[in-house]
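Given chain B's structure and the hints, the job is docking chain V onto it.
There are 2 protein chains.
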Amino acid sequence: MQYHQNGFRTGDPRIEPALAERHIDKGVVDVLIVGCGPAGLTLATQLSAFPDIITRIVDRKSGPLQVGQADGIACRSMEMFEAFGFAEKVAREAYWVNETTFWRPVEGHGDIVRADRIQDVEDGLSEFPHTILSQARVHDFYLETMRNSASRLVPDYDRKLVDLTITDDPHHPVTATLEQLRDGEEPAKEQVKARYVVGCDGAHSAVRHLLGYDLQGEAARQLWGVMDVLAVTDFPDIRLKCALQSASAGSLLIIPREGGFMVRLYIELDELVGDERASDRNVSEQVLIEKAQSILRPYTLSVKEVAWWSAYEIGQRICDSFDDVPEAEKQTRSPRIFIAGDACHTHSPKAGQGMNVSMADTFNLGWKLASVVRGHAQPKLLQTYSSERQAKARELIDFDKDMARLFSTRQETSVAAEFQRYFAKHARYTAGVETRYDPSIITGSGQYQDLAQGFQTGMRFHSAPVIRLADAKPVHLAHTIKADGRWRLFAFAGEGDAGEPGGAISGLMEFLLNNPVSPLRRPETENEDVEAFLDVRAVFQQHHRTLSLTYMPELLLPETGRYGLIDYEKIFCPVVKNDHDIFDLRSINRRSGALVIVRPDQYVAHVLPLDATHELSEFFLGFA
Amino acid sequence: MQYHQNGFRTGDPRIEPALAERHIDKGVVDVLIVGCGPAGLTLATQLSAFPDIITRIVDRKSGPLQVGQADGIACRSMEMFEAFGFAEKVAREAYWVNETTFWRPVEGHGDIVRADRIQDVEDGLSEFPHTILSQARVHDFYLETMRNSASRLVPDYDRKLVDLTITDDPHHPVTATLEQLRDGEEPAKEQVKARYVVGCDGAHSAVRHLLGYDLQGEAARQLWGVMDVLAVTDFPDIRLKCALQSASAGSLLIIPREGGFMVRLYIELDELVGDERASDRNVSEQVLIEKAQSILRPYTLSVKEVAWWSAYEIGQRICDSFDDVPEAEKQTRSPRIFIAGDACHTHSPKAGQGMNVSMADTFNLGWKLASVVRGHAQPKLLQTYSSERQAKARELIDFDKDMARLFSTRQETSVAAEFQRYFAKHARYTAGVETRYDPSIITGSGQYQDLAQGFQTGMRFHSAPVIRLADAKPVHLAHTIKADGRWRLFAFAGEGDAGEPGGAISGLMEFLLNNPVSPLRRPETENEDVEAFLDVRAVFQQHHRTLSLTYMPELLLPETGRYGLIDYEKIFCPVVKNDHDIFDLRSINRRSGALVIVRPDQYVAHVLPLDATHELSEFFLGFA
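These protein sequence lines map, in sequence, to chains B and V. First residue of the first sequence? That's 0 in numbering that gives the first Met the number 0, and the numbers climb one at a time after it. First residue of the second sequence? That's 0 in numbering that gives the first Met the number 0, and the numbers climb one at a time after it.
Bound conformation, chain B alone (with noise of 0.2 Å):
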């Protein structure tokens, strides 16, 4: 964290200084976004670090969630958590998935065995375990993020949209139709104009009925129960995530849940029938009670509280496009509303994905709005949401339907063994760290991959471990990324470059700190910090004591803030105890080095050699 850079300030850093007393007219704003669910919230978490930005968040609902739903958290999404700032607190209050037991039928007699038992994520796919915490507690990390963000960002709750059209307002096009809703009144009707508009208003999205668009798809017929307890039972594996599958009553997968004694249970039930819906079959908690109870025989359950329950259908759909351009006029419009999490996507709870690609979306878009309103990118850069999350969602829906099959078929040992196998390979899947954009205009095509093959074109920049020069601080290079919309560039030196005039780092320092062409050199930049766009750091191969910081490039020691006081947090060494060298962990060239380029959402975006000044310029021109 810094801090104290414009003058020493008392008090928690975390909060930052409230904007001078401003008068926000909250019928004219940048974005509007409709709902405070995971994608909702990470969106207005994003968008409430951009004070100059004029963000609001409505929801129909009178307050925070409280209890239930989706539970499972991604290591992908926890490194998206420490670019917020919350991720240790995550990981403090949350279950972590370790290890997955299976259980299956002793051929003969029936009685479920632990068949096989396998770590949940493999050494060193990410720094952060995957967790388990209520989506509720999630919601309340936003949130309190938000509230002491610059902008002191809130939801409005009690807001019903009932309407949404597009006017010829040059700035503000979209107008907004809200209802806010009031005990034994009538609703007051409220008008608000955006700029931009986001769905993430779950299921029933009234953004996507209004755009007139439909989830395609087959609403699958097999029913599920969930219920999170608090429960006795000798079954040893209560504490592990594992998946049952026993000889004749059915599936079970239990997932321990934070706090060290609650569980969840989802419970395979029946298959519908025709047009039956889930709540025609009268599921209550005693049912699903008595199904576990059949399904972990010989074991018992006693089950004491359930702290909430439910029932679904596995469906799987998705909508053919996540913005409001169709197809034929992405050439000339570039879109001004957009949907987002379950609002464009469902699929099954099992797979733990659910909250993860939603948080992923918005995480995609927020960025790529924040660019676009501040007037730091060019609208077409809008385009590229739709196209890169609608690829992954689809993605996701495949894989989605893949593992409910295999869940749900018959118990066989055949099947029971082909779904572990599948189950295990998919891990990286669902630790959501497999996701690669395709080539675009701010995805390069891995034409110079081969300099840094760790830091894969289009997929998350892994983070390793590194030591900071200046204080010799071990840290986590990915985490000097936070969720502030610029760009990255890290520049890992080639072998004895040491920063000094001459060499290969300093001739990139130079042309980004003094070249007309620069993408350093912007038109916000002129009037505030020279890396508002772009944060430049460099990670060299010497050992942290034998480099030094005397004859750094400027750029590699800024003068920052008010004081113009030097950043010495922009280089970084390789950690040369446990063989945890950055340059073998992530493959990176030696002898040339590398320049990686990686978007504000942190995926790497280009590897291009240290002196390619020019592919640098042309890849930011193409969208900034």
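Hint data in this document are derived by calculation from the structure and do not stem from the laboratory. All residues carry an ideal CB built from backbone N, CA and C; glycine is no exception. Take every hint as true, because none was put in to throw you off.
Computed footprint of chain B on chain V, listed as stretches where at least three residues anywhere in the stretch have a Cβ under 8 Å from a Cβ of chain B: (1) 5-11; (2) 91-97; (3) 259-265; (4) 466-480.
If the Cβ cut is set under 10 Å, some of the chain B residues that face chain V in the computed set are: (5) Met0; (6) Pro235; (7) Ile237; (8) Leu239; (9) Ala469; (10) Lys472; (11) Leu548; (12) Tyr562; (13) Lys576.
For chain V alone, coordinates are given in the frame of chain B:
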């Protein structure tokens, strides 16, 4: 963190449910704490964990500390913060002292050069870093923890202690008279009857004055200045802890501060002559800046803002006793009034010990007071506070004198080198982990020390990583020790023991649960949790994938809370990757195993054979 054991509860689990509305008479309390510094807040936070204890904490000041004063946080204090639940908040916000450098003049021309560089904390000394953070923020974390406790304890500011008398009230024998300070009005007098009063009211302690005690020792005559600055410099080690000794301009200690920009400078000034006081010298910001500039030459220092500054004399002074019982009366009565922190010992700030030792004082006293007030221990336990902490304060003063002498000695290469050796050698001491309490009613003699050489009797329980059996989570064993006033038994199993009936672990657990002389069988555990006094855990030698939960003794899978839910967090296995096996790291006898008794303040009280049930009983009968 364990929660939900008495039923699912929404919201932040760190905020304890408030007690049902109770009327607290602030005029009649169990413990009155005078002073809201580190000693007072550590004690108040400890006592706030027990809602059955009525605690009041008052301060002359009108609100929480905002700036300045202490900033060094030793590893040992971080371990204590972990027990209070906020170590990770400090770690996130603080500067980490990773390395220390030493600068001395080049013989001949006199410019300073870096003479050496050492790792600040040796590998494996603690799982926490040595950190630097404003005392004000440490106070904030304590205040937050108190406020979130079931007691909802908050300080009463603007209260000045003016009198203390001992009455013959059998229950609340101390009467304190407070003046409530009010703007422009006569102070209002208030009487508070207390069972115990603790003076944490600093070097000018009113409690100490009212006890008639003096600080003994010499006021040293060396004047020092200290300032927190935002500055621009070309001195390359400005973000490292540095000890500089210039050829003729004196000495300087650089302590980088949290946030990446601020730095604290300790600057040697002149010796005081005769009756002269620090205030006679007209030290100013400007004097300190110029002096620092001359010591740093040939490097430049341009100070942009001084956040705080002060000038002080080094003085090492101490009280003979830290409680109100004269030596002659120790056999006949137990203490009622205590003093802690600067109220009973003062020393120079440069070893970074002041805040740490003050907090350690009341972390030692807190659980003892709680035990006696709650009837879990005999009042004579309270005598061990003064005997244990006075001895440690005396050691600190000796250490500080040596350190100050070396620091202030005119620079000669030989002395500088001696300082450097001394500094390195005493890194463990300044990390706070060398404290060793003498044998007493609560600390054994070390008779069976060879069973676990890595858990030295009288010293802090040195944590090591383990795997929790039930959920395969990697955890630190000492992090199971919360600041809840409970004693701990860690049973390390012998080779081959898997907890099965007939084994040593099973025998010990059977004794603890059922034998009439077990320390678990106590009046206060009749109607509450069997482990209200003593928390029992076991560490086995097997890999966590081979050890079975199924045959574990009842006490290692105890029923807890209103539902009798099973506590799965009692059983641990070694970390087999990376040579981190706790049996090796702490030299535990693999053949026989060992039983380690740990005090509520995390100090090792005793090491015993697993079958030494007689000694175990006798030990607790000695005071409880």
